[in-house]
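S.K.: Listed here are the chains, written in short residue letters.
Protein chains: 2
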Amino acid sequence: MHFRDALPLQSGASIRAYDLRYETYGQLNADKSNAVLICHALNASHHVAGVYLDQAGQVKAKSEGWWDTMIGPGKPVDTNQFFVIGVNNLGSCFGSTGPMQINPDTGEVYGADFPVVTVQDWVSAQARLLDALGIQTLAAVMGGSLGGMQALAWTLQYPDRVRHAVVVASAPNLTAENIAFNEVARRAIVTDPDFHGGHFYRHGVLPKRGLRIARMIGHITYLSDDVMNEKFGRQLRAPTLPAVRGSLPPEGAAPPAARQSRTRGRNLDDQHGYPSQAFKYSTQDVEFEIESYLRYQGDKFAEYFDANTYLLITRALDYFDPASEYGGDLSRALAQATAKFLLVSFTTDWRFAPARSREIVKALLDNQRDVTYAEIDAPHGHDAFLLDDARYMGVIRSYFQRKVAL
Amino acid sequence: MHFRDALPLQSGASIRAYDLRYETYGQLNADKSNAVLICHALNASHHVAGVYLDQAGQVKAKSEGWWDTMIGPGKPVDTNQFFVIGVNNLGSCFGSTGPMQINPDTGEVYGADFPVVTVQDWVSAQARLLDALGIQTLAAVMGGSLGGMQALAWTLQYPDRVRHAVVVASAPNLTAENIAFNEVARRAIVTDPDFHGGHFYRHGVLPKRGLRIARMIGHITYLSDDVMNEKFGRQLRAPTLPAVRGSLPPEGAAPPAARQSRTRGRNLDDQHGYPSQAFKYSTQDVEFEIESYLRYQGDKFAEYFDANTYLLITRALDYFDPASEYGGDLSRALAQATAKFLLVSFTTDWRFAPARSREIVKALLDNQRDVTYAEIDAPHGHDAFLLDDARYMGVIRSYFQRKVAL
Numbered sequence: 001m002h003f004r005d006a007l008p009l010q011s012g013a014s015i016r017a018y019d020l021r022y023e024t025y026g027q028l029n030a031d032k033s034n035a036v037l038i039c040h041a042l043n044a045s046h047h048v049a050g051v052y053l054d055q056a057g058q059v060k061a062k063s064e065g066w067w068d069t070m071i072g073p074g075k076p077v078d079t080n081q082f083f084v085i086g087v088n089n090l091g092s093c094f095g096s097t098g099p100m101q102i103n104p105d106t107g108e109v110y111g112a113d114f115p116v117v118t119v120q121d122w123v124s125a126q127a128r129l130l131d132a133l134g135i136q137t138l139a140a141v142m143g144g145s146l147g148g149m150q151a152l153a154w155t156l157q158y159p160d161r162v163r164h165a166v167v168v169a170s171a172p173n174l175t176a177e178n179i180a181f182n183e184v185a186r187r188a189i190v191t192d193p194d195f196h197g198g199h200f201y202r203h204g205v206l207p208k209r210g211l212r213i214a215r216m217i218g219h220i221t222y223l224s225d226d227v228m229n230e231k232f233g234r235q236l237r238a239p240t241l242p243a244v245r246g247s248l249p250p251e252g253a254a255p256p257a258a259r260q261s262r263t264r265g266r267n268l269d270d271q272h273g274y275p276s277q278a279f280k281y282s283t284q285d286v287e288f289e290i291e292s293y294l295r296y297q298g299d300k301f302a303e304y305f306d307a308n309t310y311l312l313i314t315r316a317l318d319y320f321d322p323a324s325e326y327g328g329d330l331s332r333a334l335a336q337a338t339a340k341f342l343l344v345s346f347t348t349d350w351r352f353a354p355a356r357s358r359e360i361v362k363a364l365l366d367n368q369r370d371v372t373y374a375e376i377d378a379p380h381g382h383d384a385f386l387l388d389d390a391r392y393m394g395v396i397r398s399y400f401q402r403k404v405a406l
Numbered sequence: 001m002h003f004r005d006a007l008p009l010q011s012g013a014s015i016r017a018y019d020l021r022y023e024t025y026g027q028l029n030a031d032k033s034n035a036v037l038i039c040h041a042l043n044a045s046h047h048v049a050g051v052y053l054d055q056a057g058q059v060k061a062k063s064e065g066w067w068d069t070m071i072g073p074g075k076p077v078d079t080n081q082f083f084v085i086g087v088n089n090l091g092s093c094f095g096s097t098g099p100m101q102i103n104p105d106t107g108e109v110y111g112a113d114f115p116v117v118t119v120q121d122w123v124s125a126q127a128r129l130l131d132a133l134g135i136q137t138l139a140a141v142m143g144g145s146l147g148g149m150q151a152l153a154w155t156l157q158y159p160d161r162v163r164h165a166v167v168v169a170s171a172p173n174l175t176a177e178n179i180a181f182n183e184v185a186r187r188a189i190v191t192d193p194d195f196h197g198g199h200f201y202r203h204g205v206l207p208k209r210g211l212r213i214a215r216m217i218g219h220i221t222y223l224s225d226d227v228m229n230e231k232f233g234r235q236l237r238a239p240t241l242p243a244v245r246g247s248l249p250p251e252g253a254a255p256p257a258a259r260q261s262r263t264r265g266r267n268l269d270d271q272h273g274y275p276s277q278a279f280k281y282s283t284q285d286v287e288f289e290i291e292s293y294l295r296y297q298g299d300k301f302a303e304y305f306d307a308n309t310y311l312l313i314t315r316a317l318d319y320f321d322p323a324s325e326y327g328g329d330l331s332r333a334l335a336q337a338t339a340k341f342l343l344v345s346f347t348t349d350w351r352f353a354p355a356r357s358r359e360i361v362k363a364l365l366d367n368q369r370d371v372t373y374a375e376i377d378a379p380h381g382h383d384a385f386l387l388d389d390a391r392y393m394g395v396i397r398s399y400f401q402r403k404v405a406l
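Here the protein sequences line up with chains A and B, keeping their order. Each residue of the first sequence is one higher than the last, beginning at 1 in the working numbering. Each residue of the second sequence is one higher than the last, beginning at 1 in the working numbering.
Note that these hints are calculated values from the structure, not bench results. The beta-carbon is built from N, C-alpha and C at its ideal position, and this holds for glycine as well. Don't take each hint at face value.
[Unchecked claim] DSBU-like mimics (lysine-lysine), calculated; alpha carbons at most 30 angstroms apart, straight line:
id, chain 1, residue 1, chain 2, residue 2
1, A, K208, B, K208
2, A, K340, A, K300
3, A, K208, B, K300
4, A, K340, A, K280
5, A, K340, A, K362
6, A, K300, B, K208
7, A, K62, A, K75
8, A, K300, A, K32
9, B, K280, B, K340
10, B, K280, B, K208
11, B, K300, B, K32
12, A, K208, B, K280
13, B, K75, B, K280
14, B, K208, A, K280
15, B, K340, B, K60
[As the list claims (entries may be wrong)] Residues from chain A shown here face chain B by an in silico Cβ test under 10 angstroms; the list is partial:
id, residue
16, D54
17, I179
18, F181
19, R212
20, F232
21, K280
22, Y281
23, Q284
24, F288
25, Y293
26, F305
27, T314
Let's have the full structure, built from the sequences with the hints guiding it.
M.R.: This is the structure:
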């Protein structure tokens, strides 16, 4: 969708003209009352569900939407019932206007000149998309992590356009530690000699070293200590077998190839997987499976993600803080929200811990709002919001069937 | 102290000839029974206590030993009573033989060719230093974090040479998450174009970008989320005042200059320190105090610490795992230890959490060993082991007076 009118931004700057890439699933009903907007987190996109087909009509490999377990026909957010909209945010790198696109004012790629955008700016842009689609009121706005912040912001900026907000694994703002992790990742990117002050496109290079480090740091914070120990532990890397590939396997999947250790048969205790002194004694080679996994995640990310987008999106996270205009009083800040809420958190999420969700619950209850809260006992850390956990899916399904669908 | 005999290493390599820099405090008694060896962690040295004087006899600024709160006349480890030895480990960069020194085999600086050393290797080298000093048995060996691992290793490698081991804020091995943080830091260093495969000395450059990132990551894991929120929170940086300088101030010190925010008088709630929209809207400038603090810590570290040493010492951490030769059974591994033990952990330490110390306590109790364990309720995270906490100091003082001094 192309927007011809300039969008004024929270920073005081504006974006003159811009595109938002979006996808929809299911049918908008006659009174346009069944729309559900899905907001994405750091590295996701408008492609929330379903698969893509190639020209021969075959399903493209790995083309599943990032929340395909959650959204689709018969799924917890049932597209037989709801009209679901996924939208790529401004400043991202999956088709909406962002740092990789041409700045119409200069005829050059934006690069580092792309204006800083905030959660509030994204919500403003999403509201214009709904205007263009003729949708006045959302049945629900929903997101996890940074996406949950957007859902919360919707209820404050457009209280009369949101009936329900589903806020998963999110927080009312970042802690100092959260900001610290973002800052280290940004420094890794910005100090990469291939970053060129954010204008690397015109130098024909990409700051991949920095992006790899940024992603490795991020990945550590997405997983719980427990799930890392369970899946990787101190297991050494098998030299002849492929490294663990792809993202974290869903619950119940086979364990990674890591268990086929090079130390098998060499005084290895099968039950514990403890190797006996089979080290390479190297500071640069991979010794442990967890190293191999992180390096792979970093390499993969650096191939597809834009460095300037990474900076912008982590900054949007840092800035989000609806209570700041109320002296830090979240209850006063959320008094504007009139939507009904579902909040979900995960016990092992140390990035946005359950206590952060409970802050939002308390602030809503202080305002006598209608709030449902589920704290899911799941081992996967922050990543749990993307995984197929039966209790989590059950809560979302029930909420949509019993509350949103009414 | 120079050692002419080659030291065989766990890797199979050896170091042909080497120096260990050390300092001593107090007097060795007639029967040489009052020696206490202090083992250091990642970025510390032999200089554990006291200050240095300049040529005019004045105390040099910031020359206090890294455990000066703990060790000295009348302090918890009382140098009026004990003969304390601090030693810089092999591979470190504060005077003992390491990657910055000349390899006698080649006449060139070691650089990346310095052999990988382990906790066990350090203990072997420390034992030779004691031999040279004529000390057969230590009253105590003591260390925090990686230093605690060395103290534990002493009780396994030289059980008859250690009467007491004091193991503070340590762990029986690294978890996958611990290794992951080390690995990201190493990748930041190794992928810095100025690293030159570890032979940057001959190029006249230093991989400071990588060292800065490594230190920033490390620093986050040394602090608790709570203490970061208390000291920095979401406070914006004051543009005209100096950034927060120096390491974490001790308990009770004045809060950082952060509270003098640029937003003072601009709708700032003094109690919460919440700024109101005074952002620069920049992805690269410092916005928050925590960013300024981390950048400063990274810059400072990159000025004095050797990149190859960083790789070596984090690897020594990764490799340490006394249970590995016993199928992961720590109780069996610790059966060799005959020393008496004091273990101390800190409630908010998420790097080496109290549960890790309790694993050691349990394994020692399984062997009917004499163990004292203190879990100190302190807000400072892993860094607490370096700080002056009254209950912590009291426990160490009591242990040395009532157990070690007997």
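S.K.: Hints first: check each against the structure and report whether it holds.
M.R.: Status of each hint after checking the structure:
For the suggested pair A:K208 and B:K208, the alpha carbons sit about 18 angstroms apart, so the restraint of at most 30 angstroms is met. Distance hint between A:K340 and A:K300 is unfulfilled; the C-alpha atoms sit about 39 angstroms from each other, more than 30 angstroms. A distance of roughly 26 angstroms separates the Cα atoms of A:K208 and B:K300; the hinted pair therefore holds under the 30 angstroms criterion. About 57 angstroms separates the Cα atoms of A:K340 and A:K280, which puts this hinted pair outside 30 angstroms; it is violated.
Between A:K340 and A:K362, the direct Cα distance comes to roughly 14 angstroms. Compliance with the 30 angstroms bound is thereby established for this hinted pair. Taking the CA atoms of A:K300 and B:K208, the gap is about 26 angstroms. The hint holds against a cut of 30 angstroms. Pair hint A:K62 plus A:K75 holds up; C-alpha atoms about 19 angstroms apart against a cutoff of 30 angstroms. A distance of roughly 40 angstroms separates the Cα atoms of A:K300 and A:K32; the hinted pair therefore is violated under the 30 angstroms criterion.
Restraint check: the Cα-Cα separation between B:K280 and B:K340 comes to about 57 angstroms, which exceeds 30 angstroms; the hinted pair is violated. Between B:K280 and B:K208 the CA atoms are separated by roughly 27 angstroms; this keeps the pair inside 30 angstroms, and the hint holds. With a CA separation close to 40 angstroms, the supplied pair B:K300 and B:K32 exceeds the 30 angstroms bound. For a cut-off of 30 angstroms, the pair hint linking A:K208 to B:K280 stands: about 27 angstroms separates their Cα positions.
Restraint check for B:K75 and B:K280: not satisfied, since their Cα atoms lie roughly 48 angstroms apart, outside the 30 angstroms limit. Of the supplied pair hints, the one linking B:K208 and A:K280 holds, its CA atoms being roughly 27 angstroms apart against a limit of 30 angstroms. Distance hint between B:K340 and B:K60 is unfulfilled; the C-alpha atoms sit about 38 angstroms from each other, more than 30 angstroms. The beta carbon of A:D54 is not positioned within 10 angstroms of any beta carbon in chain B (closest approach about 35 angstroms), and the interface hint is therefore violated.
Below 10 angstroms, beta-carbon pairs count as interface contacts, and A:I179 has one with chain B at about 5 angstroms; its hint therefore holds. Below 10 angstroms, beta-carbon pairs count as interface contacts, and A:F181 has one with chain B at about 6 angstroms; its hint therefore holds. For A:R212, the suggested interface contact is upheld, since its CB lies about 7 angstroms from the closest CB of chain B, less than 10 angstroms. Contact between A:F232 and chain B, as hinted, is supported at the beta carbon level, the nearest pair being about 4 angstroms apart and thus within 10 angstroms.
At a threshold of 10 angstroms, the smallest CB-CB gap from A:K280 to chain B is about 9 angstroms, leaving the interface hint in force. For A:Y281, the interface hint holds, the least distance from its beta-carbon to any beta-carbon of chain B being 4 angstroms, beneath 10 angstroms. Proximity of A:Q284 to chain B holds as hinted, the smallest CB-CB distance being about 6 angstroms (cut-off 10 angstroms). At a threshold of 10 angstroms, the smallest CB-CB gap from A:F288 to chain B is about 5 angstroms, leaving the interface hint in force.
A cut of 10 angstroms between beta carbons decides the hint on A:Y293: the least distance to chain B is about 9 angstroms, and the hint holds. Below 10 angstroms, beta-carbon pairs count as interface contacts, and A:F305 has none with chain B, the closest being about 15 angstroms; its hint is therefore violated. Interface restraint check: A:T314 against chain B, minimum CB-CB distance 8 angstroms, threshold 10 angstroms, status holds.
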